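Here the protein sequences line up with chains A and B, keeping their order.
Each residue of the first sequence is one higher than the one before, counting from 1 in the working numbering.
Each residue of the second sequence is one higher than the one before, counting from 1 in the working numbering.
Calculated directly from the structure, the hints in this document are not laboratory data.
All of these numbers come straight from a predicted model, not from anything done at the bench.
Among the clues, some could well be false.
Where chains are identical, the list cannot tell them apart; a pair therefore holds if satisfied intra-copy or between any two copies.
[Unchecked claim] Below, in silico cross-link-like pairs of lysine to aspartate or glutamate (EDC-like), each with a Cα-Cα straight-line distance of 20 Å or less:
#	residue 1	residue 2
1	K30	D494
2	K147	D131
3	K152	E56
4	K505	E29
5	K93	D5
6	K30	D454
There are 2 protein chains.
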Amino acid sequence: MPREDLKIVVIGGVAAGASCAARARRLSEKVSITIVERGPDVSFANCGLPYHIGGEIASRDVLSIHTPQSLSAMLGLEVRTNTEAVEIDRAAKRVRVRKTGTEEGEWLSYDKLLLAPGASPLRPPLPGIDDPRIHTLRNLQDMDAIKAAAAKARKAVVVGAGFIGLEMAEQFRHLGLDVSLVELQPQLLPQLDADMTGQLLRELRQNGVDVHLGSGIEGFASAGDSLQCRLSGGVSIEADIVVLSIGVRPDSSLAAAAGLTLGKRGHIVVNEFMQTSDPDIYAAGDAVESFDRITGRPSAVPLGGPANRQGRLAACHMMDPESARPYPGSIGTAVVRAFGVTCAMTGWSEKRLKSEAIAYKAVTVKDNHHASYYPGATPITLRVIWEEGTGRILGAQASGQEGVDKRIDVIATAIAAGMCIEDLSNLELCYAPPFGSAKDVVNLAGLAAENLVDGLLTQVNELPKDALAQVIDVRPAKLFQSAPRPNATSIPMDCLRARMGELDKSRPVVTVCALGKTSYFAARVLNQNGFSAKSLAAGV
Amino acid sequence: MPREDLKIVVIGGVAAGASCAARARRLSEKVSITIVERGPDVSFANCGLPYHIGGEIASRDVLSIHTPQSLSAMLGLEVRTNTEAVEIDRAAKRVRVRKTGTEEGEWLSYDKLLLAPGASPLRPPLPGIDDPRIHTLRNLQDMDAIKAAAAKARKAVVVGAGFIGLEMAEQFRHLGLDVSLVELQPQLLPQLDADMTGQLLRELRQNGVDVHLGSGIEGFASAGDSLQCRLSGGVSIEADIVVLSIGVRPDSSLAAAAGLTLGKRGHIVVNEFMQTSDPDIYAAGDAVESFDRITGRPSAVPLGGPANRQGRLAACHMMDPESARPYPGSIGTAVVRAFGVTCAMTGWSEKRLKSEAIAYKAVTVKDNHHASYYPGATPITLRVIWEEGTGRILGAQASGQEGVDKRIDVIATAIAAGMCIEDLSNLELCYAPPFGSAKDVVNLAGLAAENLVDGLLTQVNELPKDALAQVIDVRPAKLFQSAPRPNATSIPMDCLRARMGELDKSRPVVTVCALGKTSYFAARVLNQNGFSAKSLAAGV
Chain A
1 MPREDLKIVV IGGVAAGASC AARARRLSEK VSITIVERGP DVSFANCGLP YHIGGEIASR
61 DVLSIHTPQS LSAMLGLEVR TNTEAVEIDR AAKRVRVRKT GTEEGEWLSY DKLLLAPGAS
121 PLRPPLPGID DPRIHTLRNL QDMDAIKAAA AKARKAVVVG AGFIGLEMAE QFRHLGLDVS
181 LVELQPQLLP QLDADMTGQL LRELRQNGVD VHLGSGIEGF ASAGDSLQCR LSGGVSIEAD
241 IVVLSIGVRP DSSLAAAAGL TLGKRGHIVV NEFMQTSDPD IYAAGDAVES FDRITGRPSA
301 VPLGGPANRQ GRLAACHMMD PESARPYPGS IGTAVVRAFG VTCAMTGWSE KRLKSEAIAY
361 KAVTVKDNHH ASYYPGATPI TLRVIWEEGT GRILGAQASG QEGVDKRIDV IATAIAAGMC
421 IEDLSNLELC YAPPFGSAKD VVNLAGLAAE NLVDGLLTQV NELPKDALAQ VIDVRPAKLF
481 QSAPRPNATS IPMDCLRARM GELDKSRPVV TVCALGKTSY FAARVLNQNG FSAKSLAAGV
Chain B
1 MPREDLKIVV IGGVAAGASC AARARRLSEK VSITIVERGP DVSFANCGLP YHIGGEIASR
61 DVLSIHTPQS LSAMLGLEVR TNTEAVEIDR AAKRVRVRKT GTEEGEWLSY DKLLLAPGAS
121 PLRPPLPGID DPRIHTLRNL QDMDAIKAAA AKARKAVVVG AGFIGLEMAE QFRHLGLDVS
181 LVELQPQLLP QLDADMTGQL LRELRQNGVD VHLGSGIEGF ASAGDSLQCR LSGGVSIEAD
241 IVVLSIGVRP DSSLAAAAGL TLGKRGHIVV NEFMQTSDPD IYAAGDAVES FDRITGRPSA
301 VPLGGPANRQ GRLAACHMMD PESARPYPGS IGTAVVRAFG VTCAMTGWSE KRLKSEAIAY
361 KAVTVKDNHH ASYYPGATPI TLRVIWEEGT GRILGAQASG QEGVDKRIDV IATAIAAGMC
421 IEDLSNLELC YAPPFGSAKD VVNLAGLAAE NLVDGLLTQV NELPKDALAQ VIDVRPAKLF
481 QSAPRPNATS IPMDCLRARM GELDKSRPVV TVCALGKTSY FAARVLNQNG FSAKSLAAGV
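The shape of chain A in the complex, shown without the other chains (with noise of 0.2 Å):
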């Protein structure tokens, strides 16, 4: 049975803040809940910022998902805005807030106390960080800086290309800005396997994002009417508006004030019942570290959907321990546009398991979002992971225009399911031809790791540099004639076995074609045959 004599504070009123409050308030009409948030606004649609400054969400009305106001009729709490909490006093079980610009504040009571700060973007300490045309994204008034900022704007320089970064690059364009996109990694979205960004670095560039890979950002400095973004290399990029988005760092400091654990990075350490090391002070959000659902390993994932069960998790667990069903750990699935491709990706990279010395093996597989005979089928790149010896997926990332989010969706749940990588064969998904294909590309991806475990399948991720491999295109004559490959011979599918007398068995082979099939396929003829061929994975 629910407490219903608690008294509940929550530091924070956004996404893990007011789940907690709305769940402990369903649970209870009696229990007193108190939100404390440091900003004006409670529960706003933070992901949905940069759509407002790009204007494809008009009003701004609809990101304030609940006023202050209206929060607290519908849930029957009391809501304190522009309200810092600035000390916890754990012996007396107490919290110290006080209105913003004010000194004294005064004690809060409480049974319950949910900590739901958030993070906060970073800002590095380079010289000119401190110019007010530098901004960053958190809330609903650094929307409205930057959106009246860029109203003048020609020039954008966005830095970090992660999701926001990706997001505020899209709409900064859409807006008619000149856009450059610095990254100090050698690729975009240094969450994903490089060679998976290939698609969508193209689609930036074709939709005329000045994309700087590799480059660090050194420092600003006025200039006139504008500011130098200097870069690394030497590079200077000419700006009217910087926004950073380079990551974020918990807001930890109220936690860590009170001795309650951190972890290595910063943020609050919590268990599966959301608790801290003090059992009455529950974390929730982005500024905690919770564990990896795949590995158990700590984990920190600030985004909204683990944010939102956190806080709703936490609230169960203060009002009926008995009952509360423990967090199973966070797998990190996220999704992001820009122009005409999405990326996404779910649990682990190969980046990671390297540098986290855990054994792996991939696959690559490349085919339409739907029926390639019914009209608008796009490609999908999807790659899947799965662990050494046991087959247990550990991880997928997917580039393409359409049905991205649904096939890594799929293997999200596959990956909490513990589903192992052979099981994606026989998955039956929803098949019509303007919706998926008999075999979709998630079954291909099973049925590929499936025949690279029994030796059927040679996959190669790149073509060879080495000159003595033979490259061996074979598509269909006309389209090799209409988009030949250079360093590649045409010999179509249909005439290999005819004409393999061509190729030369002592030097290796290396088949190719548009998706990555045939070339399999014709890699299994020449290496039945006296052969060693590859495939070139995901085709073209």
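Chain A is fixed; fit chain B onto it per the hints.
Same frame as chain A, now just chain B:
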């Protein structure tokens, strides 16, 4: 190691047959493979046929994935089209085949035989059924005939409102025909629960389809230039063209004559390696009875996905029984689009569970397909059904405009993994405003189920007929005013606590909103204050 000295004969050259042949060839260049196909075509896209009739797929050629010649060249095998298998001599391991229109034929010996004969559209012995204006749709020739007839027709009648019937009704409307759709059951899509098909029915009617539910077809009579279709109840509809899509019957006569075990409905019974009761004779595709993945009960799922996988598996087992991975059974995932509405399902419906007396629970939720504040959000209604006691997910159905296939694919994956309903709460699905919500409608189903199990959520699927019940619309007052609900009182959620004194505690209350979320919150408030309140599932 695969056996390379096999002689494989495949009867039927479309989905299952072509998959088997292709896989066998991939496993060995040496094995002998002969495909025997009754019709003139192999490996054609049968799911695309309606879309070529309606002109959405402009080119007929794209439906022929392979010609007999290209399939033969691609796979290095023999293709015999217009050739029927007429007799199996199991003792001598040979099958007699003959060219269409000839008498004698010849015997082909086999080591392993695959039967992939498919299923024929039903054509019941009704008065007038032999009129040449009455069509069924199975192959390219049927398609050509319907397309030619439709070009001269003004009025079409489609009999049967399953997946193909709906596609045909839609495509005939694309061609500008007057379309009547006749269904014996009192609902569209008899595979689904009736109340999940309401949106689809409205969409068909809004798009000018004349829908006759609960109407059997009793016969046909020529009347001048047109055909009168007589329905039960005395109604008669005029047609220039009729398409029957009332189901299929497995083409199992060859198997029956050979003494192979058939199921209750005439399917060829196979084991988990697609072997019939004769271990050297395999069967796959629409003609087979395999087993249900969820319950293990016998099951026949005539869909393209299972057909492809079964054909492939048969080849694996023929070639190397030691390493073949068993078929896990079929779930039955299907999707159909009609105009702007998509309906999809996976696993068991309530209706089917009731008919087999399996104890279950179900929850119905509704939410937008992506963040409500991002332009273009449209609602999805999702029902998820689970086994009472264990919580194991048994099935799901969804209806909406966008993203319906994605949600059903996620749940089909959860079913394949044996997940429980509560596992849906914590799935981490792709979330960015254009793609989803921090709490996706799939998560909501899991959360609502938890609430149902915990006794927090009390749901009704329709408004009470009972005049005693108090129906309370908790939407904001301006929404209620713009679309008032008869017999409902408007008490917006944010003043419910203040105004609940207006309600009579001695009478039941049903709360209503747009999506079924706020009404749940309202029911919680009321039930904690001594009322007996239930929430209308999935809102208006």
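Status of the hints after comparison with the structure:
1. Taking CA atoms no more than 20 Å apart as the test, K30 paired with D494 passes between copies only; the shortest distance there is 17 Å, against 75 Å inside one copy.
2. Taking identical chains as interchangeable, the C-alpha atoms of K147 and D131 lie at most 20 Å apart only when both belong to the same chain, with a minimum of 17 Å there against 68 Å between chains.
3. Proximity of K152 and E56 under a CA criterion of 20 Å is satisfied intra-copy only: 18 Å inside one chain copy versus 46 Å between copies.
4. Proximity of K505 to E29 under the C-alpha cut-off of 20 Å is restricted to the inter-copy arrangement: shortest distance 17 Å between copies versus 78 Å within a copy.
5. In this assembly of identical chains, K93 and D5 lie within 20 Å of each other by CA distance solely inside one copy; the values are 15 Å within and 80 Å between copies.
6. Only between protomers do K30 and D454 lie at most 20 Å apart by alpha-carbon distance; the minimum there is 19 Å, versus 61 Å within a single protomer.
The structure is consistent with each of the numbered hints, conforming to all of them.
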